[in-house]
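Enquirer: Sequence:
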Amino acid sequence: MSNLVNAYPWFADKTEHLVALHNQDRLPHALLIHGMHGIGKALFAKSFAQLLLCQSPTGSATCGCCKACELNAAGNHPDLFILEPEEAGKQLKVDQVRGLGEFIYSTAQQGGYRVVIIDPADAMNIASANALLKMLEEPGSDTLLMLITAKMGQVLPTIKSRCQHIECTVPDESEAINWLITESDLDEASARGILQINRGAPKEALAYLERNQGEVRAQFIRGLTDILKQRRSPIEVAQAWQKMDLELVLGWFYSLLSDVARCSLCRNDSVLRNSDAGNMLNAVAKKTDPVTIFKLMDKVHEERRAIVLRQNPNKQLQLECLLMEWAAVLN
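Just add 21 to the spot in the sequence shown (first one is 1) and you have the working numbering.
Among these hints, one or two may not hold up.
[To be verified] Here are the simulated EDC-like pairs of lysine to aspartate or glutamate, each with C-alpha atoms no more than 20 Å apart in a straight line: (1) LYS264 with ASP247; (2) LYS336 with GLU257; (3) LYS307 with GLU346; (4) LYS316 with GLU346; (5) LYS88 with ASP163; (6) LYS336 with ASP319; (7) LYS320 with ASP310; (8) LYS264 with GLU231.
[Claimed, not checked] Now the in silico label distances, taken between C-beta atoms and shown as ranges: (9) ALA94 with MET57: 24 to 32 Å; (10) GLY85 with LYS336: 45 to 53 Å; (11) LYS316 with ASP34: 35 to 43 Å; (12) GLU323 with LEU249: 18 to 26 Å; (13) LEU249 with HIS322: 15 to 23 Å; (14) ASP310 with GLY214: 22 to 30 Å; (15) GLY85 with ASP208: 31 to 39 Å; (16) LYS316 with SER77: 56 to 64 Å; (17) GLY214 with LYS336: 22 to 30 Å; (18) LYS307 with GLY85: 51 to 59 Å; (19) LYS88 with GLN185: 23 to 31 Å.
By construction, these hints were calculated from the structure, which means they are not laboratory data. Even for Gly, the Cβ is constructed at its ideal location relative to N, Cα and C.
Turn these sequences into a full structure, and let the hints steer you where they fit.
Expert: Listed below in structure tokens is the structure:
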């Protein structure tokens with residue numbers, strides 16, 4: 022993790038840009054690093070933090086042998102503060118954010134920068150965001166705060182306006198495929214297929230493999246197919262999906278519907294991103310109109326938004342309603 026270029030090569034240009042700003046004494050005090058889930062934003066932030074703290078960096082790489090690098094390797098550098106929710110998926114508590122004050126306004130123990138990483142920034146409510154505002158306005162010298170989010174719309178405008186934005190996009194397909202092949206035992210065709218399922222996000226594609234999500238994915242597609250062929254009802258499939266991650270399922274569902282819409286409009290199955298469901302998607306595209314699919318996409322989008330807003334939806338009811346709509350697309 023000491024060399025970002027080797028870890029995730031698609032961040033090389035952003036690293037070089039930040040290094041150049043630092044060398045010119047123009048590095049901003051706060052960065053908002055945003056982009057879709059699964060492309061490596063957190064590692065990008067942590068790697069740049071290591072680079073900034075390194076006592077003898079060379080270009081975009083840490084030396085790996087100074088005191089700061091040893092502390093980072095051990096995971097206990099005193100001038101790096103990583104703020105995350107106490108429980109995954111929960112909000113950052115206001116007391117957690119207030120606790121940053123002592124760190125930010127103290128002297129760096131290693132005599133260099135103090136670096137804070139807040140991940141995810143969208144986990145702050147109004148109270149915790151307000152607690153952060155003063156620190157963003159008056160962070161002190163040689164201090165860098167890096168805020169990370171995959172949900173830019175959930176970050177308060179007052180926070181956005183006080184940060185320089187670093188937009189992280191999906192890497193070039195060939196670059197992502199080569200990286201995934203290196204990190205796994207996949208051939209090129211398999212790597213491309215896994216990447217397409219995961220919206221081109223390499224880190225998410227690797228997690229898909231490591232978590233053996235292929236069987237979950239197969240159950241998902243089998244459920245949709247069974248509904249169309251009237252082998253199972255929407256209620257039965259919703260019950261079978263109860264143990265699946267709802268946000269993951271809705272993301273897959275939205276992607277499949279996008280494929281149906283594209284295929285219906287273009288009359289060309291080469292536009293499909295979800296090739297593992299190609300037969301089903303082609304069949305639906307030939308027998309329904311794009312307007313019906315767009316309406317269902319809107320409903321899936323609203324349900325995904327409810328999750329983002331932490332509205333605690335009834336999972337069974339949510340899935341049943343969407344799957345009933347899916348059952349009706351061929352009628």
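Enquirer: For every hint, state whether the structure bears it out.
Expert: Hints versus structure:
no.: 1; hint: LYS264 with ASP247; in the structure: holds (18 Å)
no.: 2; hint: LYS336 with GLU257; in the structure: holds (13 Å)
no.: 3; hint: LYS307 with GLU346; in the structure: holds (17 Å)
no.: 4; hint: LYS316 with GLU346; in the structure: holds (10 Å)
no.: 5; hint: LYS88 with ASP163; in the structure: holds (19 Å)
no.: 6; hint: LYS336 with ASP319; in the structure: holds (18 Å)
no.: 7; hint: LYS320 with ASP310; in the structure: holds (16 Å)
no.: 8; hint: LYS264 with GLU231; in the structure: holds (18 Å)
no.: 9; hint: ALA94 with MET57: 24 to 32 Å; in the structure: holds (29 Å)
no.: 10; hint: GLY85 with LYS336: 45 to 53 Å; in the structure: holds (46 Å)
no.: 11; hint: LYS316 with ASP34: 35 to 43 Å; in the structure: holds (40 Å)
no.: 12; hint: GLU323 with LEU249: 18 to 26 Å; in the structure: holds (23 Å)
no.: 13; hint: LEU249 with HIS322: 15 to 23 Å; in the structure: holds (22 Å)
no.: 14; hint: ASP310 with GLY214: 22 to 30 Å; in the structure: holds (28 Å)
no.: 15; hint: GLY85 with ASP208: 31 to 39 Å; in the structure: holds (33 Å)
no.: 16; hint: LYS316 with SER77: 56 to 64 Å; in the structure: holds (59 Å)
no.: 17; hint: GLY214 with LYS336: 22 to 30 Å; in the structure: holds (28 Å)
no.: 18; hint: LYS307 with GLY85: 51 to 59 Å; in the structure: holds (57 Å)
no.: 19; hint: LYS88 with GLN185: 23 to 31 Å; in the structure: holds (29 Å)
Checked against the numbered hints given earlier, this structure breaks none of them.
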